[in-house]
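Participant: All chains, please: the whole structure from these sequences, using the hints.
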Amino acid sequence: MAHNALLTTGLLILLALALGHLQPAEILRPSRRTQVLTALGWTEAAEGYVPGRPSALRAALGLAGKATAAARDAAVRCGALCGSFAEGADTLRRLAGLDVRVSKLREMTLA
Numbered sequence: 000m001a002h003n004a005l006l007t008t009g010l011l012i013l014l015a016l017a018l019g020h021l022q023p024a025e026i027l028r029p030s031r032r033t034q035v036l037t038a039l040g041w042t043e044a045a046e047g048y049v050p051g052r053p054s055a056l057r058a059a060l061g062l063a064g065k066a067t068a069a070a071r072d073a074a075v076r077c078g079a080l081c082g083s084f085a086e087g088a089d090t091l092r093r094l095a096g097l098d099v100r101v102s103k104l105r106e107m108t109l110a
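Quick note on numbering: numbering that gives the first Met the number 0 labels position 15 of the sequence shown as 14, and the sequence is numbered without any gaps.
Just so you know, the hints here were simulated from the structure itself, not pulled from any lab data.
A couple of the hints might just be wrong.
[What the hints assert, rightly or not] In silico SDA-like links for lysine to any residue, alpha-carbon gap of 25 Å or less: (1) K65 <-> A85; (2) K103 <-> R92; (3) K103 <-> G40; (4) K103 <-> E46; (5) K65 <-> P29; (6) K65 <-> D98.
As the structure is a prediction and not an experimental result, all values here were calculated from the model.
Facilitator: What follows is the structure in structure tokens.
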């Protein structure tokens with residue numbers, strides 16, 4: 000029993016020390032749901048939200064806007080190499096299975 004109480008006390012002290020170095024917004028980090036375009040298609044993800052700082056999800060996946068690097072590369076290539084953005088969106092859907100609106104493809108290609 001004394002061992003469990005000592006362990007619990009130690010964990011509480013470590014937790015207090017760790018939380019003491021964080022800002023309040025980092026402790027109670029709210030999350031938000033977002034749509035992300037990956038090389039396999041659209042998916043929904045939850046990301047931590049701290050105003051003015053990119054989330055760990057965005058950094059880990061290399062997100063720019065709402066697309067991963069692989070999805071962005073495929074979209075930009077189709078948008079640039081096809082005769083129109085509508086044809087590029089259709090090619091992207093048929094070859095890669097990515098359903099991207101024409102306006103979104105135009106935005107990604109011209110960025």
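Participant: Indicate, hint by hint, whether the structure satisfies it.
Facilitator: Here's how the hints hold up against the structure:
1. With a CA separation close to 20 Å, the supplied pair K65 and A85 stays within the 25 Å bound.
2. Restraint check: the Cα-Cα separation between K103 and R92 comes to about 13 Å, which is no more than 25 Å; the hinted pair holds.
3. For a cut-off of 25 Å, the pair hint linking K103 to G40 stands: about 14 Å separates their Cα positions.
4. Annotation: proposed proximity of K103 to E46 holds, straight-line Cα distance about 22 Å (limit 25 Å).
5. Between K65 and P29 the alpha-carbon distance is near 19 Å, which keeps this suggested pair within the 25 Å criterion.
6. Simply put, K65 and D98 have alpha-carbon atoms about 13 Å apart, close enough for the 25 Å limit, and the pair holds.
When the structure is compared with the earlier hints, no violation turns up for any of them.
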